[in-house]
Amino acid sequence: MTRSTLPPLLEKHFRAGDDHDWETLAACFHEESVVVDDSRLHVGRAAIRAWREEAAGAFTYTATLTHAEPVGRTGHHVVVHLEGDFPGGVIDLHYQFTLADGLIRSLTIAP
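With the first letter of the sequence shown counted as 1, position 9 gets the number 9 in UniProt numbering; the numbers rise by one all the way through.
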């Protein structure tokens with residue numbers, strides 16, 4: 001599976017993360033968007049940018065998209081396989097996106 005199967009906004013989101021382009025990544029979200037990751041809530045573009053930048057610097061890892069599908073009219077479920085130097089070393093993360101008005105409204109990330 002390739003990222004080309006994703007909607008352009010989600011492709012842009014994942015590419016910006018790979019490139020450590022936090023400004024572009026944050027711009028994929030609404031000003032008041034919400035992200036839940038590792039049971040932590042991040043609200044608003046500035047908080048989302050800070051969370052993603054911090055998360056990227058915590059560990060070294062590779063990420064491989066393994067599954068993507070639309071959910072209803074505004075949702076997308078994406079599974080990313082990670083391998084790296086974090087505890088456990090391997091995990092599949094499920095990204096649940098809700099889109100609105102051409103941007104990400106919410107994102108929940110869970111194993």
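Because the hints were derived from the structure by calculation, they are not lab data.
As the structure is a prediction and not an experimental result, all values here were calculated from the model.
Please note that the accuracy of each hint is not assured.
[As the list claims (entries may be wrong)] Here are the computed distance ranges between Cβ atoms for each label pair: (1) 63 with 98: 15 to 25 Å; (2) 90 with 44: 29 to 39 Å; (3) 85 with 53: 13 to 23 Å; (4) 27 with 89: 14 to 24 Å; (5) 88 with 57: 31 to 41 Å; (6) 110 with 44: 15 to 25 Å.
For each residue, glycine too, the CB sits at the ideal point set by N, CA and C.
A quick look at each hint next to the structure:
no. : hint                    : result
1   : 63 with 98: 15 to 25 Å  : 21 Å, holds
2   : 90 with 44: 29 to 39 Å  : 32 Å, holds
3   : 85 with 53: 13 to 23 Å  : 18 Å, holds
4   : 27 with 89: 14 to 24 Å  : 32 Å, violated
5   : 88 with 57: 31 to 41 Å  : 19 Å, violated
6   : 110 with 44: 15 to 25 Å : 21 Å, holds
Violated hints, listed in ascending order, are 4 and 5; each of the other numbered hints is respected by the structure.
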